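Sequences and hints are given; from them, build the entire structure.
So the sequences go chain by chain: A and B. Here the numbering used here is used: position 544 in the first sequence is 544, and no number is missing along the way. For the numbering used here, count along the second sequence from 1 and bump the result up by 1000.
In short, the hints are calculated from the structure, not lab data. A quick note: this is a predicted structure, and the numbers were derived from the prediction, not measured. Beta carbons: idealized from backbone N, C-alpha and C, even for Gly. Worth double-checking, as some hints may not be accurate.
What the hints assert, rightly or not - Below, simulated DSSO-like cross-link-like pairs (lysine-lysine); rule was C-alpha separation at most 27 angstroms, straight line:
#1 A:K604 <-> A:K591
#2 B:K1282 <-> A:K572
#3 A:K580 <-> A:K525
#4 A:K574 <-> B:K1271
#5 A:K574 <-> B:K1019
#6 A:K580 <-> A:K596
As the list claims (entries may be wrong) - Covered by chain A, per the in silico footprint, the following chain B stretches (three or more residues, Cβ under 8 angstroms):
#7 1188-1197
#8 1203-1216
#9 1262-1270
#10 1308-1319
#11 1365-1374
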Amino acid sequence: MKQLKTRNFCIIAHIDHGKSTLADRLIELTGAMKSDKIIEQVMDSMELERERGITIKAKAIRLSYTAKDGVTYELNLIDTPGHVDFSYEVSRTLAACEGAILVIDATQGIQAQTISNVYFAMDHNLEIIPVINKIDLPSSEPERVLEEIESVLGYKSEDVLPISAKTGQGVPALLEAIVNKIPPPKGDLNKPLRALIFDSHYDSYMGVVAYISVNDGKIRKGDKLRLMGQGTELEVVSIGYFNPKFCPADELLAGDIGYIATGLKSVGECRVGDTITSLVDSATEPLIGYKTAKPVVYTGIYTTQPEDHGQLREAIEKLSLNDASFSYEPENSPVLGNGYRCGFLGLLHMDIIQERLEREFDLSLIVTVPGVKLIVTRTDDRQFMIVNPSDLPEPSEILKIEEPWVKISVITPSTFIGPIMDLITQSEGIYKHTEYIGHSHSPDALGQRVRLEYEIPLRSMLTTFYDQLKSRSKGYASLDHEVIGYRETKLIKLDILVNGVMVDAFSRVVPPDKAHDIGKSMVEKLKDVIPTQLFKVPLQASIGSRIVARTDIAARRKDVLAKCYGGDITRKRKLLEKQKEGKKKMRSIGKVEVPKDAFMSVLKMEQ
Amino acid sequence: MSDSMAIYIHVPFCRRKCKYCSFISFDSRTNDIPGYIDLLKKELELRSVDCNIDTVYFGGGTPSLLTAEQLNGILSVIGKKYRMADNAEITIEANPGTVDFKYLADIKTAGINRLSIGIQSFNDDELTMLGRIHTRKEAVNAIEDAREAGVDNLNIDLIYGLPGQSIDDWKENLLTAIGFNPGHLSLYALTLEPEESLFKEIESGKLPDISAGTAASQYELAEELLQKHGYVHYEISNWAQPGRECRHNLVYWQGSEYLGIGVAAHSYIGKRRSSNTEDLDKYINALSHNVLPPQDVDEIIIPELEIAESIILGLRLYSGISIKDFEKRFGIDIMKRFGRQIEELINFDLIENDKTVIRLTPRGRLLGNEVFWRFLPDKV
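Structure below.
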């Protein structure tokens, strides 16, 4: 039976531990593609993914492997997103597999996301094959990392495979382990159809293409199907798998992984995590509980020039066809005009969407201070959600405010514990737990490796938390986080006035005891980034009508081209044209020309 | 093409490059000068047209590295291939470190009648900071020698807004210059570009940053002092005793035609602006084969641009833009075409309008760029 010769697995790893390189090597060694054809590592397709070294969209590739026992197996490799922002997508991918290769970097050892990945995989009852990668590097310490894996994750050393995804060393043994250790899919071909959607994307020719893992039953072209969670009905326009290109097929059977083209117009109608069944003779129970990935970070997005708003609307609509996990609602700002309040799975997701909007749609954007979704209860007991600081009611009308908290886990050499604990405490973190997990890098006197667990408000992580964590630990610390729920909090709205005009894009909610310091550093930062104007510009931070900080940008006094070089009027004119062009990258607020970078700068500000 | 024209001749050689200089000039190729002179003459011949030459200007670089004989040779080619006007203004830029009494007397005999001395500062510390090759003493000697040699049309160049230069430092420079009673003064604010060594010294913290505020105050001081001493502030960076305005530079500001000869020289003839290559070897190579050098800039100035440029350049002059003359030249009422900009600029106190003329206010002369860019067409 074909199903017995199928192995469905994914690769899980902390960022940069070599997931994509290993995927390439597996593809090459099973002959799906000649190595010289793997110009780009095929599993990553978007340009952005490549630049950031992460994978945003999961895809699956079918590999054919003849093992030492002489049997030819069908291996389905499913790629997973490598960042905690996309943990929901990761969990759906894991649900589509029976096994996972856990990649750990031989030069770095266990990192925060290694541990969360393992727990994740265990939750889904996956067979985990731990591998130590990059053993070809001179700085690799496989013995130390092996000890760590034994003590922290509990694997026996004989079960951990040393490999180099780069050179291919150890990868043949890994292929054998995949067929020998990972069980075949367990579904039943004769039961009603149940297939899990673990990824989807929009294609302008075929409509939404869903990547699926067929658990029970089978799917053929032309079948009429229904999504059990969302209720969407669809017809299979085309069906097949990847090897790694689109490979149309007649059907997908229980145990298979492949794609169906649905003709649907938006990925929002065909969300990751839903179970597909037949319209008639339906299954009764979905494979896993279906939920939608919910945004946790919100920001306002506007165009630098108000007249480009139409283009922004089009761009956001197009992007959302392909990314069901970001939300958008039109909003209107008194100073920035029409824009959108967008919700994201995390800061990285936000950065990616912003970059794609600017790059793929050639837009110049202003992005406001990111915030969380607050639950506000008014004195009349009515409750509502707030994602825009401007919507926060007057303090007298507020009974209570609740905000989301996260559990964070930081792994760091013990040398840096002091500064890291300071940072987390300043960020309102609450200490939970310390765990010593192993020796540190042998040549450096960095002490033991420690895992710290804290709970902190998500809000505190939205500006420079991660950058500071990295700089305070000289790059050694790794971070993982998980939303744990809402807690009551005290917050007030801090506003910034530029030349007397309140700029809602700079407004943010902050704890009352920090308002003064944050206000002061915001106006000082803005003083640095807003160029001098033709007049003096006061910058003020206020809480309600109370000014808590103030500074002034002195008027510009001199700006004139002095000399004309032997009649070089063209160059002179070009300089003026550049100056004029620069005005387009500015947003005029109360007659003050504010560069778009100013909006970014207060986001990246240290406090 | 009109029947009279200005000629600019670029001499791209220096003994040493000043630390603030971004002009096209080479400090290790003075051996190329004799050959270059021959090519200048060849270019003059290749470009020759039958018209009156009202002004000739030798700029650089350091044109005073040319001998009187070499200058005479070039001028006689102009005399032969063009028509030199009887009262032509013939200027040379001179570095005080390269001239003496005999040289100045000789070039006067060769036909030079206006001398622009690049003094830049009378303060030895400032001269060192700028990387000038001369001292205060040599600067003073050059001016005195010029006077003795009978050069009566004399310009002094000074630079202000130097790193760490106080208002008083500047005042002393200015008063020293005024003491020599030059007919003309050009005062330039130091502007630096990233490739210049002075820029790098400031970036690295070796020198204090230049202060736009101090430079503005120094400029205002100059306006006040020079007016008191009888100088007319006829252009943003230029002051002259009545009748001593630089006729050559007025050609640029007034949008008249000029022919540029030599490396990187710009021409504006028949609504077309072009410039010779900035590459000395390419220039030498082309003309050695009797071919005009490749052009770095070559653009037709369409009416829309011509209008913008004429406003930008015209506003640099104290005389400003005559609403009537503008209408006569372009058939356009400037107050209608640019009504929005003009109103906004008047509100900012950057320009003033007395119903016949539009000109920069004193504040506008300091913030000219904010005025100028507003008159550029949106898309060209």
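Hints versus structure:
Taken as a hint, the K604 (chain A) and K591 (chain A) pair is honoured in the structure, with Cα atoms around 25 angstroms apart against an allowance of 27 angstroms. Between the alpha carbons of K1282 (chain B) and K572 (chain A) the distance comes to roughly 24 angstroms, so the proposed pair stays at or under 27 angstroms and holds. Between K580 (chain A) and K525 (chain A) the CA atoms are separated by roughly 25 angstroms; this keeps the pair inside 27 angstroms, and the hint holds. Under the criterion of a C-alpha separation no larger than 27 angstroms, the hint pairing K574 (chain A) with K1271 (chain B) is consistent with the structure, at around 17 angstroms.
With a C-alpha separation of about 24 angstroms, the suggested pair K574 (chain A) and K1019 (chain B) falls inside the 27 angstroms cut-off, and the hint holds. Between K580 (chain A) and K596 (chain A), the direct Cα distance comes to roughly 15 angstroms. Compliance with the 27 angstroms bound is thereby established for this hinted pair. Counting residues of the segment 1188-1197 of chain B whose beta-carbon sits less than 8 angstroms from any beta-carbon of chain A gives 3, enough to reach three: the coverage restraint holds. With 4 residues bearing a CB less than 8 angstroms from a CB of chain A, the segment 1203-1216 of chain B meets the requirement of three and the coverage assertion stands.
A count of 5 residues in the segment 1262-1270 of chain B with a Cβ less than 8 angstroms from any Cβ of chain A is obtained; the coverage claim is therefore met, three being the minimum. Coverage of a stretch by a chain is defined here by at least three residues with a beta carbon nearer than 8 angstroms to that chain's beta carbons; for the segment 1308-1319 of chain B and chain A the count is 4, and the condition holds. Given a C-beta distance limit of less than 8 angstroms, the hint that chain A covers the segment 1365-1374 of chain B holds, as 9 residues qualify and 3 suffice.
Going through the hint list in order, the structure satisfies each hint without exception.
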